[in-house]
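J.: Under my numbering, the letters of the sequence shown match residues 50 to 340, in that order.
Keep in mind the hints are simulated off the structure, nothing from the lab. Since this is a predicted model, take the numbers as computed values, not measurements. Just so it is clear, CB atoms sit at the ideal spot from N, CA and C, and this is done for glycine as well. Some hints here could point you the wrong way.
[As the list claims (entries may be wrong)] Straight line, CA to CA, 25 Å or less: simulated DSS-like cross-link-like pairs of lysine-lysine:
1) K336 x K194
2) K159 x K277
3) K157 x K141
4) K93 x K243
5) K194 x K340
6) K340 x K277
7) K157 x K113
8) K194 x K93
9) K194 x K60
[To be verified] Just the calculated beta-carbon pair ranges, DEER-fashion:
10) K336 x N191: 33 to 43 Å
11) K60 x G95: 41 to 51 Å
12) N165 x K336: 33 to 43 Å
13) P189 x E58: 36 to 46 Å
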Amino acid sequence: MMGILLNRETKAVVQGITGRIGSIQASWMLQYGTGIVAGVTPGKGGAEVHGLPVYDDVYETVEKHDANASVIFVPAAFIKDAVLEAIDAGLKLIVAISEHVPVHDVLKMKRAAENNAVWLLGPNTPGIITPGVGKLGIMPGNMFKEGSIGIISRSGTLSYEVAGLINEAGFGESTLAGVGGDPVVGTRMVRLLKEFESDPDTEAVVIVGEIGGNSEEEAAEFIEEMSKPVVAYIAGRTAPSGRRMGHAGAIISKGGGAGTVDSKERALREAGALLAEKPGDVAGLLKRALK
Numbered sequence: 050m051m052g053i054l055l056n057r058e059t060k061a062v063v064q065g066i067t068g069r070i071g072s073i074q075a076s077w078m079l080q081y082g083t084g085i086v087a088g089v090t091p092g093k094g095g096a097e098v099h100g101l102p103v104y105d106d107v108y109e110t111v112e113k114h115d116a117n118a119s120v121i122f123v124p125a126a127f128i129k130d131a132v133l134e135a136i137d138a139g140l141k142l143i144v145a146i147s148e149h150v151p152v153h154d155v156l157k158m159k160r161a162a163e164n165n166a167v168w169l170l171g172p173n174t175p176g177i178i179t180p181g182v183g184k185l186g187i188m189p190g191n192m193f194k195e196g197s198i199g200i201i202s203r204s205g206t207l208s209y210e211v212a213g214l215i216n217e218a219g220f221g222e223s224t225l226a227g228v229g230g231d232p233v234v235g236t237r238m239v240r241l242l243k244e245f246e247s248d249p250d251t252e253a254v255v256i257v258g259e260i261g262g263n264s265e266e267e268a269a270e271f272i273e274e275m276s277k278p279v280v281a282y283i284a285g286r287t288a289p290s291g292r293r294m295g296h297a298g299a300i301i302s303k304g305g306g307a308g309t310v311d312s313k314e315r316a317l318r319e320a321g322a323l324l325a326e327k328p329g330d331v332a333g334l335l336k337r338a339l340k
């Protein structure tokens, strides 16, 4: 199994590794077998956490360990600088876990990532996992198993639930990528769909979407061209318009119907995706699509 974005060639650093959450999550990622080579905390260079050397900046991890990816556990106020430093150092996969990042900071991060051909997942993401290979993020590794279904999700907990149901049906996952639940995120769903479409280990893709934004509608335009089946579940059917629900990104704009479950499902259905009314329907639709 190779999976997309996160594979055996990944050499990751943990930015914020000396913090309580960064340290705990680094330990769990290492236990899962993830290729983590170092940690970064400004001012803590020379320390060691879980046997990993800690450096003051990302540049040194590239120089000494050939690092090419990062997972970031720093407070929202410092995420922008951490991401921009990782991009400037040449890392090509960056996972920004933090919530409550100001939108104008995300816009700067997103622009820098796009200008440098960097994969930026998040902010407000559970991260990415390629089962049996590694995980960069906070998702529980035991909820996933090696298989051939790619998952793109805006919701952490829902993606774990869907993965569990897919496992029970005997499939397993090639990679799960959490794009993040904020109104603006670093990577568009459609880019991940293109990766899964060309990935030989992925047979079908599941989109776990939710109300708000237009990423699912944009994804639908590419699904029309895909050779692999796509199953989609959109959360938030009962949400009132104009009310923020759970995620910062889960808000339906008043008027025009944009961002609603209906508008997303209509676009996806017209593109040829199979729509699940509830998470429990996903596995059955996959069986139907792959039989």
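J.: Now, for every hint given, state plainly whether the structure supports it.
T.: Verification of the hints:
Only pairs whose Cα atoms come within 25 Å are accepted, and K336 paired with K194 is accepted, the gap being roughly 17 Å. The straight-line distance between the Cα atoms of K159 and K277 is roughly 28 Å, outside the 25 Å bound, and the hint therefore fails. Taking the CA atoms of K157 and K141, the gap is about 17 Å. The hint holds against a cut of 25 Å. Proposed proximity of K93 and K243 is contradicted: the alpha carbons are some 39 Å apart, above 25 Å.
Pair hint K194 plus K340 holds up; C-alpha atoms about 21 Å apart against a cutoff of 25 Å. Restraint check: the Cα-Cα separation between K340 and K277 comes to about 13 Å, which is no more than 25 Å; the hinted pair holds. Restraint check for K157 and K113: not satisfied, since their Cα atoms lie roughly 28 Å apart, outside the 25 Å limit. Among the hinted pairs, K194 with K93 is inconsistent with the structure: their alpha-carbon atoms are about 36 Å apart, more than 25 Å.
Simply put, K194 and K60 have alpha-carbon atoms about 22 Å apart, close enough for the 25 Å limit, and the pair holds. About 24 Å separates the C-beta atoms of K336 and N191, a value inconsistent with the hinted range of 33 to 43 Å. Remark: the range hint 41 to 51 Å for K60 to G95 is contradicted by a beta-carbon distance near 20 Å. A C-beta distance of roughly 41 Å is found between N165 and K336, which places it inside the suggested range of 33 to 43 Å.
Separation of P189 from E58 is about 24 Å and departs from the stated range, judged on CB atoms against 36 to 46 Å.
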